[in-house]
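Chemist: Respectively, the protein sequence lines represent chains A and B.
At position 32 of the first sequence the residue is numbered 32 (my numbering), and the sequence of numbers has no breaks.
At position 43 of the second sequence the residue is numbered 43 (my numbering), and the sequence of numbers has no breaks.
Everything labelled a hint here was simulated from the structure, so no lab data went into it.
One or more of the hints may lead you astray.
Going by beta-carbon spacing under 8 Å, a handful of chain A positions derived as facing chain B [as the list claims (entries may be wrong)]:
hint, residue
1, Gly14
2, Val18
3, Leu22
4, Ser62
5, Val81
6, Ala87
7, Leu91
8, Met245
From the derived model, a few chain B residues whose C-beta atoms are all more than 10 Å from chain A [stated by the list, open to error]:
hint, residue
9, Leu32
10, Ala36
11, Arg58
12, Arg70
Cβ coordinates follow ideal geometry from the N, Cα and C atoms, glycine included.
In case you want the letters, here they are:
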Amino acid sequence: MPVVTLALALIIFGAGAVAGGLGALLGIGGGVFLVPFLNLGLHFPIAAAAAISLTTVIATSSSVSAGRSGEQLINLRLGMVLEVATAAGALLGGVTAQMLAQSTVQLLFGIVTAVVAVVMMGRLGRRNVILDPSIDPGLLGGRYYEEESGGVVTYRVKRMPIALAASFIAGNLSSLLGIGGGVIKVPALNAWCGVPLRAAAATSAFMIGVTATAGAVIYYGHGQLVPPLAAAAVLGVQLGSWSGMRLSARASARWLKLLMAFVLLMVSLLMLARGTR
Amino acid sequence: MTARLEHAVGRVLRVGVITSSVFLALGLGLSLFVPAAAAGPVLLRAGLMILMATPVGRVAVSVGEYARQRDWLFVVLTSIVLIELLASVVAAMR
Chain A
1 MPVVTLALAL IIFGAGAVAG GLGALLGIGG GVFLVPFLNL GLHFPIAAAA
51 AISLTTVIAT SSSVSAGRSG EQLINLRLGM VLEVATAAGA LLGGVTAQML
101 AQSTVQLLFG IVTAVVAVVM MGRLGRRNVI LDPSIDPGLL GGRYYEEESG
151 GVVTYRVKRM PIALAASFIA GNLSSLLGIG GGVIKVPALN AWCGVPLRAA
201 AATSAFMIGV TATAGAVIYY GHGQLVPPLA AAAVLGVQLG SWSGMRLSAR
251 ASARWLKLLM AFVLLMVSLL MLARGTR
Chain B
1 MTARLEHAVG RVLRVGVITS SVFLALGLGL SLFVPAAAAG PVLLRAGLMI
51 LMATPVGRVA VSVGEYARQR DWLFVVLTSI VLIELLASVV AAMR
């Protein structure tokens, strides 16, 4: 376990701020940046890196979702249905981790993120929104005011089995790798299930608090969480996600999709490199 | 109805995040600058506990809100999520 010093706390606070800022912009927890940084950069054991990252995911999810309440951008009903699947996946993630070799999981993760990035880039010009507000969004669909187009946007949710399966896998990878799982859920909801990127990101950010809690509690119980470093990371992430949220309302959907695809490819390369070592 | 739930959930998240951040900041400051103080680790632990309890709390509040609205399908769904979270606590203590 790493020795806690003021310098290390400051480095982790800074890394948390960067990860939190990008995470808030993309609707992911930021763990996708923090885990490689702590594990590859600072040589923390993967369990310690994952544990710290999961606590920041909870903090990001809670603060981003609290700040967004009242905007109707978070699809609460869809989120709560999908949480049944992510929480089950996160719980089973602990068991799966014992049965699979770490390198197998990393290879799988690298492949999945690469596929999702390609799907994302292929859909840059498409929009999932119906601009006629009189259309019924159905049991799980939603409507919200979109700043970019200046109108009320309506959408329906398609292919629920895919959304549930993606949520389960995302929950599983969340516990295994210490990420929120938004990298899986957001593109899946957007590309296959008809949810606009902004609503998919907000709903995913809302859900990952529950997902990460299921994983974090288990790491904490096994003594793999270093409290002062988790505190430094959480506080850094709070600062970063607060700043990121102020930018996300102004950023265009096309730019967000490109950034997301780029991030996914980077994560994929990192994971493949480590998994094949 | 949805707006009411959104505000209830938002309030739980806001209170949880602010409280845990204050505990974590005080605990981190004490641990780094006054290592002899016993309060540092206690505050850090309390902060982490509150942080992890926040999503559990907002699921519990959702169960209550859906019950008040007599939306039984969502009472069942959110209750399952609550049970899954409690199961992770059981898994952590083994």
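Chemist: So, against the hints stated earlier in the document, which numbers end up violated here?
Modeler: 1, 2, 3, 8, 9, 11
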